[in-house]
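Student: This is what each chain is made of:
4 protein chains.
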Amino acid sequence: MEHNISFKKRLYEIIEVSNPEDKASKAYDFMMYVAIAAGLLPLTVKTSNTYTHLIDIITVLLFLVDYIARIATADYKMGYKHYRAYFAYALTPLAIVDLLSVLPILNLFFPSTAVFGAFRVFRVLRALKLARYSKTMVAIVNVLKYVRHQLVAVLVLTVLYIVISAMAIFQVEPDQFGNFFDAIYWSTISITTIGYGDIVPETVIGKLITIVSSLVGVAIIALPSGIITAAYIREMKRKKSEHEVKHL
Amino acid sequence: MEHNISFKKRLYEIIEVSNPEDKASKAYDFMMYVAIAAGLLPLTVKTSNTYTHLIDIITVLLFLVDYIARIATADYKMGYKHYRAYFAYALTPLAIVDLLSVLPILNLFFPSTAVFGAFRVFRVLRALKLARYSKTMVAIVNVLKYVRHQLVAVLVLTVLYIVISAMAIFQVEPDQFGNFFDAIYWSTISITTIGYGDIVPETVIGKLITIVSSLVGVAIIALPSGIITAAYIREMKRKKSEHEVKHL
Amino acid sequence: MEHNISFKKRLYEIIEVSNPEDKASKAYDFMMYVAIAAGLLPLTVKTSNTYTHLIDIITVLLFLVDYIARIATADYKMGYKHYRAYFAYALTPLAIVDLLSVLPILNLFFPSTAVFGAFRVFRVLRALKLARYSKTMVAIVNVLKYVRHQLVAVLVLTVLYIVISAMAIFQVEPDQFGNFFDAIYWSTISITTIGYGDIVPETVIGKLITIVSSLVGVAIIALPSGIITAAYIREMKRKKSEHEVKHL
Amino acid sequence: MEHNISFKKRLYEIIEVSNPEDKASKAYDFMMYVAIAAGLLPLTVKTSNTYTHLIDIITVLLFLVDYIARIATADYKMGYKHYRAYFAYALTPLAIVDLLSVLPILNLFFPSTAVFGAFRVFRVLRALKLARYSKTMVAIVNVLKYVRHQLVAVLVLTVLYIVISAMAIFQVEPDQFGNFFDAIYWSTISITTIGYGDIVPETVIGKLITIVSSLVGVAIIALPSGIITAAYIREMKRKKSEHEVKHL
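Residue numbers (UniProt numbering), protein chains in the order written: chain A, 1 to 248; chain B, 1 to 248; chain C, 1 to 248; chain D, 1 to 248.
Among the clues, some could well be false.
Identical copies go unnamed one by one, so any copy, or any two together, can satisfy a pair.
[As the list claims (entries may be wrong)] Once the Cα atoms are required to be at most 20 Å apart in a straight line, the calculated EDC-like pairs of lysine to aspartate or glutamate come out as:
hint : residue 1 : residue 2
1    : Lys-46    : Asp-182
2    : Lys-46    : Asp-66
3    : Lys-46    : Glu-202
4    : Lys-46    : Asp-175
5    : Lys-8     : Asp-75
Hints listed in this document are in silico derivations from the structure and should not be mistaken for laboratory results.
Given only the sequences and the hints, what does the whole structure look like? Please build it.
Tutor: Structure follows, in structure tokens:
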């Protein structure tokens with residue numbers, strides 16, 4: 001039992017703690033980054049071949065082992081010894097992403113369920129973990145985190161506005177759209193000012209709705225820009241005053 | 001008469017006052033939100049069927065009763081007992097939106113006047129009332145309200161610029177546009193940087209006008225962004241100093 | 001001679017001084033605004049008819065008389081009595097716009113020179129004079145004026161970048177473009193993120209240039225936004241401190 | 001030997017030092033600017049003719065002589081006498097641009113290697129040196145320099161996001177894309193909100209990914225805007241306080 005606990009603790013140190021002097025931990029980190037990068041390669045080819053299939057199997061197995069090890073050592077990570085620690089950890093965003101990126105393993109056993117293949121895309125999200133090694137990246141993520149409530153509120157407002165626009169255009173130009181989802185798609189592409197042009201208004205009233213919609217949309221799209229800028233200025237001031245406090 | 005007045009007062013409390021301990025008021029609010037959400041469903045199908053027709057009738061009748069009740073209790077809301085209170089309330093933006101969303105009821109009596117169907121879209125605006133329950137949403141709306149004069153001024157400037165661009169292109173490439181409204185449509189889609197590509201300049205002089213127009217347009221479109229950001233920074237500072245005053 | 005001078009002074013008062021108690025001046029202003037608005041109508045039809053032709057003649061004659069009167073009273077406006085005052089005034093941007101908007105009168109005498117018709121678009125610029133009656137509009141224009149050197153510098157940078165992109169794409173995909181001007185047009189439409197899609201890269205190297213060009217372009221297009229926002233924040237602070245000084 | 005050193009020093013003064021009283025230096029600068037401008041002309045024609053070929057040869061030879069002279073006098077520029085000074089200078093970004101713009105000379109000796117022709121585009125970058133003569137341009141470049149780490153971090157984030165989007169769409173709509181590079185191209189054009197419309201999603205899941213991708217993309221594209229604005233506000237404050245210190 002003693003031995004088991006110390007093995008678990010060592011395992012936790014290797015996979016989670018960032019200790020630059022722990023060679024096993026560094027080797028593990030390096031292996032996982034290679035696995036993440038390699039695991040993305042099969043996503044960039046149209047038809048899987050022997051090589052991509054092999055990469056798929058190896059990386060998914062590695063991710064599975066990593067996932068199980070992280071769950072098993074969750075009590076160390078969460079800081080309390082209780083079976084709830086495992087569930088608490090399993091429900092963190094990072095753990096969910098890890099689980100989703102492991103799902104394609106089901107393809108190995110049920111080859112017909114090709115739909116799990118799409119989950120391979122979650123492996124990319126794991127690559128985002130690399131971001132924590134860049135100080136500037138951390139600062140940017142902090143800025144976004146600081147205004148996350150406001151960005152979500154703007155997103156809700158934007159989605160509401162997209163739905164309003166979609167309903168308005170769908171009422172006056174039903175023939176342009178296969179179904180309501182197409183109207184939502186058109187509305188999003190217009191308000192984000194992408195404007196592919198694959199669906200365009202044809203009638204005068206449809207064009208009028210597009211004109212009004214795009215002018216109001218410009219103000220709505222300016223909101224995230226304003227929120228992020230304000231947060232950025234605050235972050236720069238905070239850093240400066242921290243710097244001044246240090247040098248007092 | 002006494003009884004009538006107390007009934008009116010109770011009605012006013014139910015439909016307008018937000019008292020979390022008044023169960024009738026809360027039930028009414030909930031019913032109306034369900035009606036608003038349900039009332040939007042018929043807007044997302046191409047051809048109305050028995051279900052959407054039924055939803056249409058029920059929700060419009062509910063909105064009509066709600067509208068009449070709100071008008072009838074307007075003297076409580078406006079705070080003075082006078083027949084002018086009813087007119088004053090009926091002319092507030094919220095009451096006008098309510099009236100417009102009730103208009104489709106005319107379809108029931110005059111089925112041929114399909115044009116009123118388009119007014120159903122105003123129901124969506126009622127959904128915006130939900131926004132007042134989110135503190136962050138209120139803050140964003142306050143920011144937009146605070147700069148509403150400047151945003152309107154920028155809108156006037158933008159519209160003026162759109163008209164100038166439209167006139168210029170309409171003079172040099174009349175064949176590209178069915179009429180002047182098409183030129184306004186093209187100009188709006190270009191200056192908001194959507195650029196569907198359904199109408200594009202073909203001649204050298206037309207392309208030249210487009211180049212100049214889009215470069216100036218970028219500066220004009222940057223204006224709302226600047227205004228909103230400046231207002232946002234001011235809002236954040238105001239909140240911070242309020243916070244500091246509280247903690248003195 | 002005396003009489004002549006006092007007549008000129010009175011004329012100057014009517015056309016230039018904004019005195020709300022001078023009824024003749026107000027009537028003149030009103031007439032000119034109607035003329036400006038009416039003068040724009042012929043620009044919104046495809047083929048001129050008797051009505052638009054008549055409007056064209058009357059408004060252009062009015063603008064001509066107005067232009068001559070303004071030049072004749074330029075010594076009052078410029079504040080010094082010297083023949084150079086007339087030239088100095090004639091070279092102000094406002095006077096040049098006035099002259100350009102009068103040029104279409106040449107069409108009356110040389111009907112074949114349809115090219116002057118395009119100058120009718122300068123009448124729209126006269127409408128911008130209306131902006132000075134809106135305090136908010138004046139504030140916005142002041143912000144833009146305050147950063148005009150920086151906006152011009154950004155414009156120069158943007159134009160340089162557009163030319164670089166155009167040259168790069170023109171070297172690798174010459175078949176996509178009729179001539180170099182088309183490449184400039186494509187580059188402008190791409191960097192301003194309009195993206196009509198009438199000209200798109202077809203080769204891998206062309207797409208690569210487009211990718212790099214658009215990513216750098218996003219940073220360049222963010223510059224005017226940053227400049228205008230910074231100027232706006234400064235303007236708001238200036239106003240606030242002015243307000244505080246007043247109330248000391 | 002003495003003579004040789006003083007000749008090198010004089011050469012250094014002519015090509016590098018900006019002394020307004022040194023006529024030879026000014027004449028050299030002027031000649032190089034003419035060469036830069038002239039060297040761009042061949043990039044604006046489709047098929048080279050005798051004139052553009054002649055311009056190409058002359059300007060490339062001039063650039064080659066200029067490059068050799070700058071390398072030869074690098075010890076003066078770098079401020080220390082050592083053979084490493086030459087290598088250190090040759091590896092500065094400016095020297096690398098100079099070298100790349102000289103590469104097309106290889107076309108003269110190996111006419112078949114048309115690929116070097118594309119390097120002619122680097123001549124444009126030399127034109128950017130002109131920017132240092134504009135105080136406003138220097139201020140803008142300083143702002144961009146000051147936030148270069150953050151802009152690079154945002155660029156990395158943007159590229160990561162582009163790759164994620166590309167992988168997701170490539171998994172669900174492989175038929176729309178020739179290869180993975182096409183998906184990257186589509187993703188970049190969408191996230192920068194250009195949206196040519198040459199490649200668009202066709203399936204429901206593809207459109208869904210596009211909707212989510214574009215909404216998140218708007219927040220990511222707002223980041224450079226926020227960073228540049230924050231840096232601009234800081235720059236304006238710095239200038240103001242410098243100005244105040246001077247006038248104490």
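Student: Evaluate Lys-46 and Asp-175 at a C-alpha cut-off of 20 Å and name the case that applies: within, between, both or neither.
Tutor: between (34 Å within a copy, 9 Å between copies)
Student: How do Lys-8 and Asp-75 come out at 20 Å by Cα distance, when the copy is not named: within, between, both, or neither?
Tutor: within (10 Å within a copy, 60 Å between copies)
Student: Are the CA atoms of Lys-46 and Asp-182 at most 20 Å apart within a copy, between copies, both, or neither?
Tutor: Between copies, since 12 Å is at most 20 Å while 27 Å is not.
Student: Please sort Lys-46 with Asp-66 into within, between, both or neither, judging by C-alpha distance up to 20 Å.
Tutor: Neither: 28 Å inside a copy, 49 Å across copies.
Student: Within, between, both or neither: how does the pair Lys-46, Glu-202 come out at a Cα-Cα threshold of 20 Å?
Tutor: Classified as between: cross-chain Cα gap 17 Å, same-chain 37 Å, threshold 20 Å.
Hint 2 from the earlier list is the only one contradicted by this structure; the remaining hints agree with it.
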